[in-house]
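Novice: Build out the structure end to end from the sequences listed, making use of the hints.
Number of protein chains: 2
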Amino acid sequence: MRGKIQHKSFYNWAGCTIGGSNHEAAKIARESLQPFVGPSTSSVLGYQGCVKSDAQHAALFNGIASHVHDFDDTHLKTIIHPSGPVCSALLAYAEWKRPVSGRDFIVALVAGIEVECKVGLAVWPNHYDIGWHITGTTGSIGAAAAVGKLMGLDVPAMQHAIGIAATQVVGLRDMFGSHTKSFHPGRAAQCGLLSAILASNGYTSSMQALESKRGWANVVSTSNDLSDQVNSLGKTWEISENAFKPFPCGIVCHPIIDGCIQLHRELKNAGIDVSEVEDIQAKVHPLVLELTGKRQPQDGLQGKFSVYHSGAVGLVYAKAGVAQYADSAVKDALVVNIRDKMQATADSNLRADEAILTVTVKGGRQFEKHIHHAVGSLEVPMTNEQLEEKFKDQAMLVLGDAKVVDRASVACWNLESAQDVAEIASVL
Amino acid sequence: MRGKIQHKSFYNWAGCTIGGSNHEAAKIARESLQPFVGPSTSSVLGYQGCVKSDAQHAALFNGIASHVHDFDDTHLKTIIHPSGPVCSALLAYAEWKRPVSGRDFIVALVAGIEVECKVGLAVWPNHYDIGWHITGTTGSIGAAAAVGKLMGLDVPAMQHAIGIAATQVVGLRDMFGSHTKSFHPGRAAQCGLLSAILASNGYTSSMQALESKRGWANVVSTSNDLSDQVNSLGKTWEISENAFKPFPCGIVCHPIIDGCIQLHRELKNAGIDVSEVEDIQAKVHPLVLELTGKRQPQDGLQGKFSVYHSGAVGLVYAKAGVAQYADSAVKDALVVNIRDKMQATADSNLRADEAILTVTVKGGRQFEKHIHHAVGSLEVPMTNEQLEEKFKDQAMLVLGDAKVVDRASVACWNLESAQDVAEIASVL
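Going line by line, the protein sequences match chains A and B.
Positions 414 to 841 (the working numbering) are the ones given, in order, by the first sequence.
Positions 414 to 841 (the working numbering) are the ones given, in order, by the second sequence.
None of these hints come from the bench; they were simulated from the model.
Incorrect hints may appear among the rest.
Treat identical chains as interchangeable: a pair holds within one or across any two.
Within a straight-line C-alpha distance of at most 30 Å, the following computed BS3-like cross-link-like pairs (lysine-lysine) qualify [said to hold, decoys possible]: (1) K626 with K707; (2) K816 with K732; (3) K626 with K648; (4) K744 with K417.
Specialist: This is the structure in structure tokens:
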């Protein structure tokens, strides 16, 4: 049971959450808030083989970890990262109130993502332009809907839950570049879970929290088409447009990386070592150089803003994962050597997700690659195998044991058949 | 040590928090979230003689209770209720990290309220007009500044704390009339405390979270004068314009209640029982009848929107506290009798805080009272004695023991001389 978008969404979330769990932001949050953690019911993924926490904190910690490498899923029409808030809240709840079946979990996951993306679409793009980080601001609403669905809230209680979530508007774009960016989906998960719990116990909110004159949509945006979006619930499915990033760097670098990874394999098939590469010419959309034109990145974060580094790790290692953006990776002699041989030229005839690469090796032989749509786009989605490699690469960096990683991967793919989702978490 | 505005602010907050602690909203929050409460360090005021909780939840619970009767303090220029978020966060922190002296606590309290009200003024009135509940939205920032001050954060850490708080924008006005209104100052207290804790441990946010192009002030309001307000910090003191409500109902009823309480005393001094009252004529600003013209309130909440009920309890009991807005109070035969004898007439020559009352008793004797400014206004602030009566009336309803209430009152007045603020909390 893999390959459906809902399975991929959960699987990718779990891998990213494990992968992000030892990032500094996730660590500081866990350690700072340890004095407040209540009775342990719910897993904090990845970290030291999965420590447990109360459900509220587990939702926060997992939500932070899920987003901290900017490697999570993207609803491309709104650039919401939908699974972080929803899955983080759901898993924490499902372990607290076990047993929750995989099927029920998935229904709730889809419900949460649909609500999250529809309310996001309703205020897009004004809301984002004003300065809201839409993943956080819609995430609490989506998480509340998801947990409310799992609880089986009746309509009025669900309205209250959505209202309590809507009044907690988390996320300014001004936080981009700081730890607080990943705080947003974490806090959104926690706010949504909190809202559903309060509402299920009779805590009241507005019954028109989203749509009223002074409701969420009018307050957080200068225009909205909320009623159209709400009417489209269950007719058009937003989760089906969820995309997964193959590489934890700006999306404009993805065509180059995709091309370089394919060229790595072609060189290998031709019996040519990467050390024999003498020249790399790349034609790219002008935005690529504008955003990621850094020639000599000094650390991993700068590496994410270097198309040269990104291409080089692809060509050298056929990978551009979290490990390839570690601080040490930008100093790697093999990578530096290839990076320095690469030239990129802006070509405004190319689309942003297009690139043309020409590699020249010793003796003058040339290899060309034209990427029409980068892997991870809706046109060329990541395959199950690519998602699995992404999951395992991330999980290995944290868990360090291939058998454990394999078990975790299998458990996550098999979400839908789980009798008790908590058993999956125990494997993670 | 009483009578300074900072002492009054804390004292009034404590009384309101004890008084609100057995309201349904406060109870549901406490009971719903009990499964998540961590190691107990900090007091949840009032409730069952002060149960303890972790500091995060104590801040939330006390913040909810402080506002739930709409009886807390008001910074009249912005209608922010400043003490709820700030004091709830500070007390929770001070008990967790004891000992904190009363003096340090007060310095932090003033710092928090200044920051909260200055950022509020910066975006007033657009922010409120858009639909934000300004007590919540500025409260998290004020609470973060207050706790950060108590922690002794350096400037960059304080910037991060304010940033993490600013990204959590809690409070839509659409929630007015529901439990979620009082959730706002509670969640703001918790968000502010959380922000200071995270920042003190190195969690980063934007360093220009309030003022940048996509910072808080620009995102939550269509115009602002943030730099002017920030420049006035420490020059004009917002806390000095903090006002205290003598009665837990809409402020437009206050002149009538004030007048009726004074008339109760005059009748008593003249040896006249209230049962001898035959007629009451009130002249009021037109807004009074528009907002609070309900003739036959059916429950306590409706009583708050009845100038007739409000005047009647004042004349009968010389009080209009929480008890006088209980559901039973609107059925009280003495009150109903007086209420039915009262006529109110709109007079647009009167100010909103002005009223003229004429009471006619058996035999035709008349008593008149012209209230120029209602008690609780900046012109006629509540005296220490009135604040003490308010505190004790609220506390008695919850604690039920006059000696305990007296001890609590003395302890709260003596905040500034406390070596360890936790000792005050233990008396509450």
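Novice: It remains to establish, for every hint, whether it holds in the given structure.
Specialist: Taking the hints in turn, this is what the structure says about them:
| no. | hint | in the structure |
| --- | --- | --- |
| 1 | K626 with K707 | between (47 Å within a copy, 25 Å between copies) |
| 2 | K816 with K732 | within (21 Å within a copy, 73 Å between copies) |
| 3 | K626 with K648 | within (26 Å within a copy, 38 Å between copies) |
| 4 | K744 with K417 | neither (39 Å within a copy, 62 Å between copies) |
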